[in-house]
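S.K.: In order, the protein sequence lines correspond to chains A and B. Letter by letter, the first sequence follows residues 866 to 1269 in the working numbering. Letter by letter, the second sequence follows residues -3 to 467 in the working numbering.
There could be a bad hint or two in this list.
[Stated by the list, open to error] Pairs of lysine-lysine residues, derived as DSSO-like cross-links and limited to a Cα-Cα distance of at most 27 Å, are as follows:
{"#": "1", "chain 1": "B", "residue 1": "K448", "chain 2": "A", "residue 2": "K896"}
{"#": "2", "chain 1": "A", "residue 1": "K1072", "chain 2": "A", "residue 2": "K995"}
{"#": "3", "chain 1": "B", "residue 1": "K60", "chain 2": "A", "residue 2": "K1130"}
{"#": "4", "chain 1": "A", "residue 1": "K1130", "chain 2": "A", "residue 2": "K1072"}
{"#": "5", "chain 1": "A", "residue 1": "K951", "chain 2": "B", "residue 2": "K218"}
{"#": "6", "chain 1": "A", "residue 1": "K894", "chain 2": "A", "residue 2": "K1110"}
{"#": "7", "chain 1": "B", "residue 1": "K278", "chain 2": "B", "residue 2": "K218"}
{"#": "8", "chain 1": "A", "residue 1": "K1069", "chain 2": "A", "residue 2": "K1110"}
{"#": "9", "chain 1": "B", "residue 1": "K448", "chain 2": "A", "residue 2": "K1069"}
{"#": "10", "chain 1": "B", "residue 1": "K373", "chain 2": "B", "residue 2": "K448"}
{"#": "11", "chain 1": "B", "residue 1": "K388", "chain 2": "A", "residue 2": "K948"}
{"#": "12", "chain 1": "A", "residue 1": "K995", "chain 2": "B", "residue 2": "K373"}
{"#": "13", "chain 1": "B", "residue 1": "K278", "chain 2": "A", "residue 2": "K981"}
{"#": "14", "chain 1": "A", "residue 1": "K894", "chain 2": "B", "residue 2": "K60"}
{"#": "15", "chain 1": "A", "residue 1": "K995", "chain 2": "B", "residue 2": "K380"}
{"#": "16", "chain 1": "A", "residue 1": "K1130", "chain 2": "A", "residue 2": "K1049"}
{"#": "17", "chain 1": "B", "residue 1": "K278", "chain 2": "A", "residue 2": "K995"}
{"#": "18", "chain 1": "A", "residue 1": "K1069", "chain 2": "B", "residue 2": "K412"}
{"#": "19", "chain 1": "B", "residue 1": "K60", "chain 2": "A", "residue 2": "K995"}
{"#": "20", "chain 1": "A", "residue 1": "K1072", "chain 2": "B", "residue 2": "K264"}
{"#": "21", "chain 1": "A", "residue 1": "K981", "chain 2": "B", "residue 2": "K218"}
{"#": "22", "chain 1": "A", "residue 1": "K1110", "chain 2": "B", "residue 2": "K380"}
{"#": "23", "chain 1": "A", "residue 1": "K1069", "chain 2": "A", "residue 2": "K896"}
{"#": "24", "chain 1": "A", "residue 1": "K1072", "chain 2": "B", "residue 2": "K412"}
{"#": "25", "chain 1": "B", "residue 1": "K218", "chain 2": "A", "residue 2": "K1232"}
{"#": "26", "chain 1": "B", "residue 1": "K60", "chain 2": "A", "residue 2": "K1049"}
{"#": "27", "chain 1": "A", "residue 1": "K1049", "chain 2": "B", "residue 2": "K418"}
{"#": "28", "chain 1": "B", "residue 1": "K218", "chain 2": "A", "residue 2": "K1049"}
{"#": "29", "chain 1": "A", "residue 1": "K1069", "chain 2": "B", "residue 2": "K218"}
{"#": "30", "chain 1": "B", "residue 1": "K60", "chain 2": "A", "residue 2": "K1072"}
{"#": "31", "chain 1": "A", "residue 1": "K981", "chain 2": "B", "residue 2": "K412"}
{"#": "32", "chain 1": "A", "residue 1": "K1108", "chain 2": "B", "residue 2": "K60"}
{"#": "33", "chain 1": "B", "residue 1": "K388", "chain 2": "A", "residue 2": "K1049"}
{"#": "34", "chain 1": "A", "residue 1": "K1072", "chain 2": "A", "residue 2": "K1108"}
Hints were generated in silico from the structure; no laboratory data involved.
Residues per chain are reported as follows:
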Amino acid sequence: MDVLLSRKLRILADAAKYDASCASSGAPKRKAGRDGLGSTTGAGICHAYTPDGRCVSLLKILLTNYCLYDCAYCVNRRSSNVKRAKFSVEEVVTLTVEFYKRNYIEGLFLSSGIIKTPDHTMEEMLRVAKSLRQEHQFRGYIHLKTIPEASPWLIEQAGLWADRLSINLELPTADSLAALAPEKSGPSIRGAMAQMHERIVEAKEEKRRFSPAGQSTQVIVGADATTDADVLRTSASLYGAYKLKRVYYSAFSPIPDSSAILPLKPPPMQRENRLYQADWLLRYYGFGVEEIASGGEEGMLDLAVDPKLAWALKNRGQFPVDVNTGSREMLLRVPGLGARAVDRIVSARRHTNLRLADVARLTSSLKRARAFLTATDHHPRAQLDAAALRERLVEKPQQLSLFG
Amino acid sequence: MMADSALRHVVLSDGADLDGFRRAVRALASARVSPDAVVFMTGAAPDLFGDSFAADAPPVALPKGVGALIASVVCHRDPERYALLYRLVFRVLNGERALLEVPSDPLVHRLDLMARTIRRDLHKMHAFLRFRRVAGEEGERFVAWFEPDHFILEATAQFFIDRFRSLDWTILTPVGSMRWDRLSLVYGPPAAREDAPAGDRFEEGWRDYYESTFNPARVNPKAMRAEMPKKYWRNMPEAASITALIREAPGRMAGMIDREATMPAKRKPERALEAMWDQEPKTLAALNAVIAAAGPLVPGATQAVPGEGPVGAALAFVGEQPGDQEDLQGRPFVGPAGQLLSRALREAGIDREAAYLTNAVKHFKFEERGKRRIHAKPTAGEVKHYRPFLMKELALVRPRLVVALGATALLALSGKALPVTKVRGPLRLDDYDGYVTVHPSYLLRIPDEAEKRRAYAAFVDDLSRINAMVA
Ligand code: SF4
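Pulled out of the complex, with its shape left as it was, chain A reads as follows:
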């Protein structure tokens, strides 16, 4: 590959990596036509994992890391002294197509610093997506980062080419946004989210394509004083109002050439992990934000145990749940039982009486679950009452990151 192009790729991939999302899921199933390239399978594929344990699914790059904005938490802010580069539209298209042909990637995740104007930047990004779809008959995945300050008609067009659109909320409160990202505004972010949501719903009804894999966002954790409970309240309101597919949480991590107004110490990586677990409980396990928050202290989640276990430990009176008769809703609240395990329990118990050995075959975390459930041959009353339960179930402190 061309040396200059390699150098740009290094700069513009490095600049893009603070976006946590790399998902290639949710697109309708597509296949390549006779002259086309690419397919989507619905579930998404991780083509590699880097030593940070994260999935590499899409070619995640910025069109350019020149930026007129000055978001304090971002390596690309105009006041940072990092190396800058800019791809041409053709270069991004070539990289995407050539990487795709070699089965390195599922598609493209394109974002950009703001150059000239938000409209100009967004138009360039659209040219990339349009060229891939029209000139190369590209059927792989495209995720475009929408610029909320761009004119509304550009957002209308973005959804025609992209499988997923996203706008990063970045900071959960208006005050933090004003302090750390002076060029951004909460209302324009939410306005653009609302516009995309409306269009996604309409297109689905009219069987047209508009960002068929929905929209997502990202919130940075630990760059301001927002509590976990407030972060989760924000997520819940976004899921409710705009039916977001995902809210990503990104533990603020030290960046090269960081701004003086940011905390020097990153938050524990475990905090991000706990937020993801809590988010999961919100979306798939029927928990409310306040219930989840009640498992922790002063609005912060318990770092030592996962939020479901934390809630169960504070609500021991609701346990044990009988695997043979308990409701689906209550089984979902048993620590150690995932949604899949619960489905399997509900299916199996129609045909047989479940003993503990049976449950062991239905979940891989019986150790955590057993104190909270009863089976035909298992009644853990005493265990549940023991004060030592928490001690026993606390995860051994584990080095999640060298700097966590």
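Position chain B with the ligand against the provided structure of chain A, taking the given hints into account.
M.R.: Coordinates of chain B with the ligand only, in the frame set by chain A:
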């Protein structure tokens, strides 16, 4: 035929012999042979050891899930796979039809685990296989070497065809190979790593990408290895970077934390920032250029049809969308409905040239009937797609009164679907004083002549009132 208590020997081909197993199941099941009385073997010549089956055994009807489970588990390397599957089939056929709904059953549990292993193996092959390009006389070819754990080569074929239909590709594995030549798939013999090309000109760039997307602040090799075990690394070009990335991460991190925040080299670029916020199109011409560049939402139109008329016009008329004539000429209201509108405007005393005329939707949408292009009504979503253009257009023209001609214009202007007959007359439309009436094409479609005359007169009446409102 032997007595049913005698031990049967079933010999199947190496690999995933789904057809052979199916044939065996038919014969065994129709003879109600107990699973304890069958021995499955693979690889040996059938006529030496195996029993031959009557080819006419009737197919057995199995629940759908069982068929899928069989298709998956036969790919497993476990020599016991066929025996376990036959045990499942036998139980399903003998009183336990819903057996798969009992995932706690030890046999079902074990088969589920095997199926999950196969799913993972398939998934990893889809994910971790890397093609290398070979330039040939007939264009480029792509060749990959991959080592799956199980007999899944054939099971992955459709995935690669669907994805790389227009490429000429070959996949080589130690247990077999396959080649797609853009039209058909041919299976071939086992291959060796040396049969694949040694490199590719994009691998270095890919490694650049892989290294750069890694965040040294979050190093977590255990999580990486759980998803991408070491056994895959030797066939993945990017894996060559892993060791160094892990080794250097702590140093890179310490560097970032220790370094003091630097002083920004650049001052605040006031002029650029001012220009940045001043991005809106300032003239109709600039806006029309943006509209033209956007292209039609529904493919087919010849061109975008912009509005027409002077900036500052007192009246703006908004129609539905360009028709056949408008699409060809690139001007609004020049077809039959436009001519009728011109006549009505004249009769109401409105100067068409002094008014601003435009459409809610900027491109012609149609269905082809023979040689004719028949107008097709835009959907609500399509109307809203164009709404930002329309609103910007009106903001530039700044009319004193906006006239919605018909339901589509009304939807575009108000954002809501309202019945024209109910709200006909003056109505606030978004930020504008407005007036709602019918679209002239509606008048053209009325079959009854007398009715048509009445409707036309009412339309002219509306226009006269409109004229009076801005007089
Ligand atoms: S707009 Fe803000 S977050 Fe985006 S690249 Fe520029 S400085 Fe970074």
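S.K.: Quick one, are K1049(A) and K418(B) close enough, alpha carbons at most 27 Å?
M.R.: violated, 43 Å
S.K.: With a cut-off of 27 Å on the C-alpha distance, tell me whether K981(A) and K412(B) pass.
M.R.: Cα-Cα ~36 Å, so violated.
S.K.: Mind checking the alpha carbons of K278(B) and K218(B) for me, to see if they're no more than 27 Å apart?
M.R.: violated, 56 Å
S.K.: Between K218(B) and K1232(A), does the CA-CA distance stay at or below 27 Å?
M.R.: The hint holds at about 22 Å.
S.K.: Is K218(B) close enough to K1049(A), meaning Cα to Cα at most 27 Å?
M.R.: violated, 38 Å
S.K.: Take a quick look at whether K995(A) and K380(B) sit within 27 Å of each other, Cα to Cα.
M.R.: holds, 21 Å
S.K.: Are the Cα atoms of K60(B) and K1072(A) separated by 27 Å or less?
M.R.: violated, 30 Å
S.K.: For a C-alpha distance cap of 27 Å, please report whether K1072(A) and K995(A) respect it.
M.R.: Distance ~20 Å between K1072(A) and K995(A) Cα, so the pair holds.
S.K.: Given the hinted pair K60(B) and K1049(A), is their Cα-Cα distance within 27 Å?
M.R.: violated, 54 Å
S.K.: If you draw a straight line from the CA of K388(B) to the CA of K1049(A), is it 27 Å or shorter?
M.R.: holds, 22 Å
S.K.: Mind checking the alpha carbons of K388(B) and K948(A) for me, to see if they're no more than 27 Å apart?
M.R.: Not satisfied, since the Cα-Cα distance of roughly 38 Å exceeds 27 Å.
S.K.: Would you mind confirming whether the straight-line C-alpha gap from K894(A) to K60(B) stays at or under 27 Å?
M.R.: holds, 22 Å
Of the numbered hints given earlier, the model fails hints 1, 3, 4, 5, 7, 9, 11, 19, 20, 21, 26, 27, 28, 29, 30, 31, 32; all others are met.
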